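S.K.: The chain contents come next:
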Amino acid sequence: MKLATTLMASVVIAAGLGGTALAQDDTITIGVSVPAATHGWTGGVNYFAQQAIERLSATYPNVEYVFASSPDSPKQIADIEDMVSTRDIDALVILPGDPDAMTSAIKQVKDAGKFVTVVDRQLSIDGVENLYVAGDNPGLGANAAEYIKSALPDGGNVVILRGMPIPIDQQRFDGFMAGVEGSNIMVLENEFANWNRDDGFRVMQDFLTRFPEIDAVWTQDDDISLGAIEAIKQAGREDEMFVVGGAGMQQILQAVKAGDPLTPIDVSYSPAMIATAIELTTSHFTGGIQVAGRYILDSTVITQDNVDQFIDEESPF
Amino acid sequence: MSVSAPEVAPKARSGFRWDLKTVGPLLALALLVLLGITLNENFLSYNNITNVLARSSFIGIIAIGATFVITAGGLDLSVGSMAAVIAGVMIMVMNWLIPVMGVGWGVILAGMAAGILLGGVAGVGNGLMITRGRIEAFIVTLGTMGIFRSLVTFLADGGTLSLNFQVADVYRPVYYDGLLGIPYPILVFALVAIGGEIVMRRTSFGRHCAAIGSNEQVARYSSISVDNVRLITYILQGLLVAVAVLLYVPRLGSASSTTGVLWELEAIAAVIIGGTTLKGGYGRVWGTVVGVVILGLIGNILNLQSFISPYLNGAFQGVIIILAVLLQRPRRAS
Numbered sequence: 001m002k003l004a005t006t007l008m009a010s011v012v013i014a015a016g017l018g019g020t021a022l023a024q025d026d027t028i029t030i031g032v033s034v035p036a037a038t039h040g041w042t043g044g045v046n047y048f049a050q051q052a053i054e055r056l057s058a059t060y061p062n063v064e065y066v067f068a069s070s071p072d073s074p075k076q077i078a079d080i081e082d083m084v085s086t087r088d089i090d091a092l093v094i095l096p097g098d099p100d101a102m103t104s105a106i107k108q109v110k111d112a113g114k115f116v117t118v119v120d121r122q123l124s125i126d127g128v129e130n131l132y133v134a135g136d137n138p139g140l141g142a143n144a145a146e147y148i149k150s151a152l153p154d155g156g157n158v159v160i161l162r163g164m165p166i167p168i169d170q171q172r173f174d175g176f177m178a179g180v181e182g183s184n185i186m187v188l189e190n191e192f193a194n195w196n197r198d199d200g201f202r203v204m205q206d207f208l209t210r211f212p213e214i215d216a217v218w219t220q221d222d223d224i225s226l227g228a229i230e231a232i233k234q235a236g237r238e239d240e241m242f243v244v245g246g247a248g249m250q251q252i253l254q255a256v257k258a259g260d261p262l263t264p265i266d267v268s269y270s271p272a273m274i275a276t277a278i279e280l281t282t283s284h285f286t287g288g289i290q291v292a293g294r295y296i297l298d299s300t301v302i303t304q305d306n307v308d309q310f311i312d313e314e315s316p317f
Numbered sequence: 318m319s320v321s322a323p324e325v326a327p328k329a330r331s332g333f334r335w336d337l338k339t340v341g342p343l344l345a346l347a348l349l350v351l352l353g354i355t356l357n358e359n360f361l362s363y364n365n366i367t368n369v370l371a372r373s374s375f376i377g378i379i380a381i382g383a384t385f386v387i388t389a390g391g392l393d394l395s396v397g398s399m400a401a402v403i404a405g406v407m408i409m410v411m412n413w414l415i416p417v418m419g420v421g422w423g424v425i426l427a428g429m430a431a432g433i434l435l436g437g438v439a440g441v442g443n444g445l446m447i448t449r450g451r452i453e454a455f456i457v458t459l460g461t462m463g464i465f466r467s468l469v470t471f472l473a474d475g476g477t478l479s480l481n482f483q484v485a486d487v488y489r490p491v492y493y494d495g496l497l498g499i500p501y502p503i504l505v506f507a508l509v510a511i512g513g514e515i516v517m518r519r520t521s522f523g524r525h526c527a528a529i530g531s532n533e534q535v536a537r538y539s540s541i542s543v544d545n546v547r548l549i550t551y552i553l554q555g556l557l558v559a560v561a562v563l564l565y566v567p568r569l570g571s572a573s574s575t576t577g578v579l580w581e582l583e584a585i586a587a588v589i590i591g592g593t594t595l596k597g598g599y600g601r602v603w604g605t606v607v608g609v610v611i612l613g614l615i616g617n618i619l620n621l622q623s624f625i626s627p628y629l630n631g632a633f634q635g636v637i638i639i640l641a642v643l644l645q646r647p648r649r650a651s
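First to last, the sequence lines map onto chains V and P.
In case it helps, the working numbering puts the first sequence at residues 1 to 317.
In case it helps, the working numbering puts the second sequence at residues 318 to 651.
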């Protein structure tokens, strides 16, 4: 019985590869592979992926989704190999935990004739993916720099709490440094805070010890911001500086909405981009619309004026 | 009494080597402090010292528990994940109880009780599987490490569990305030350390731990209840993880899947830097305290300087840890 279904599925795939248009009643299988929720943002990715799958499965009964959340690259590679060999996926939507380590594995999926959508992280060779959906990392840095320059027209001292040493972080950092270059904004120091609250708290405490004058803190991530804010409050220096994060975490958005002077703005980099990617990939099969290409979501500056459109009470992120 | 044998063993070496083993961690600590002073004038300031000690107190309290586990020849890799799940459950319990009990210390005490209970139960679980189930401690606690980590991710729905803001305000002083200018986390850490030192040196339980870690068969023949002593070390570890979490939760009022990541390695590193032997048989609680402070200061010093690129932080940490242990290496008998 199992063998029969497998055989039948292979025939369907073979037919598809042969160029036969897929009839309406054929089942399309889309694999969705994301890294496990190791920090707030990836937690959001898992949430929005599952939410999108639930919504789209209801809308399109002939589309089936296979979802996998993997703790590390080798596991993620194994998961997508399984998707190809045992679930006969027609398309893969993947947010690679470590894009460099996974490029060749993703290329194999592409070479097997599947539609490949890569989310957030650029692979190390071009042209593997059919569709690339990502946030604007250099823009996230540049927008934060722009805001800090405008908020401190007479110049000021900035400390930077970075994420982890991976390409995304470097792009954000370079975008920010290019933004403040030539201005009277002085970057005192940058340190990694690993995209979590505890390290944000620790690094900020030490920066406060080291620098008597800080006017702004750029954390480029809201989890780090939350830790840094506690350290600033502990030192009683919340009137001296403000914090600019990134991602659009609900807790920070609420503070922006309330007009908290410590967090005047946020810069969006939503984990919901995975939902955009799944939606577009599904449209490729269900609507026959052309979706291949690059889809870059803006890293919008979120202020008190436009914060309402980003608030989502249901989101765990 | 035969159980005092492991106590005698280190003393049997020549005076000089024994001294080096004793002063090794202190020497490393002194060097680090000296480095800190030269790098930044604020290093010895009251604020910096209390910051570093207060945030090291979680690892410190956990590492004191680990000292007993390791001395008795065991290992507990689950402490970091356990801390995360206890923090998560405490926050959920407190949030649940607000409608019933209102905002106040009642809710917080109930949350604390739940935390301690869970720590104890987790310790009993680990301990029973190791002593009665006869499974290697490494495997049992590697397993529970994964279980606890997944549980907290599941409870938080992949996101972050946050304590109700009003309760967080009431609870907050437990981390940020103190007695006579010493923050509570440091006081609790000190009390646990003094208690641990006394238990390790002055009670039969402490000596039994060393005896079991030194030679389990001999300990068994000396009519030590090996399984029970081992079980108690894991329960103690669980309870101390819970105590650490009681101090951790008021700091940021949240728990997520990143809470307590790699705390187990930091705790084990602190224990070994402090002079306890990884294979068991000899434990030193005050050494663990020094080890914890060394680890805390390394991170602090890295943030206070700009000579070392942030890309090389891990290398600096590695060098200091190896040096700290190298300083107390007993010379081989020629």
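To be clear, the hints were calculated from the coordinates, so they are not data collected in a lab.
Wrong hints could be hidden among the right ones.
[Unchecked claim] Quick look at which bits of chain V chain P covers, simulated, 3 or more residues with Cβ under 8 Å:
| # | region |
| --- | --- |
| 1 | 27–39 |
| 2 | 155–162 |
| 3 | 225–239 |
[Stated by the list, open to error] Far from chain V, some chain P residues (derived; all Cβ distances over 10 Å):
| # | residue |
| --- | --- |
| 4 | N365 |
| 5 | N481 |
| 6 | L621 |
A quick note: this is a predicted structure, and the numbers were derived from the prediction, not measured.
Cβ coordinates follow ideal geometry from the N, Cα and C atoms, glycine included.
S.K.: For a quick check of understanding: which of the numbered hints are violated here, in increasing order?
M.R.: The structure conflicts with hints 2, 4 and 6, although it agrees with all the remaining ones.
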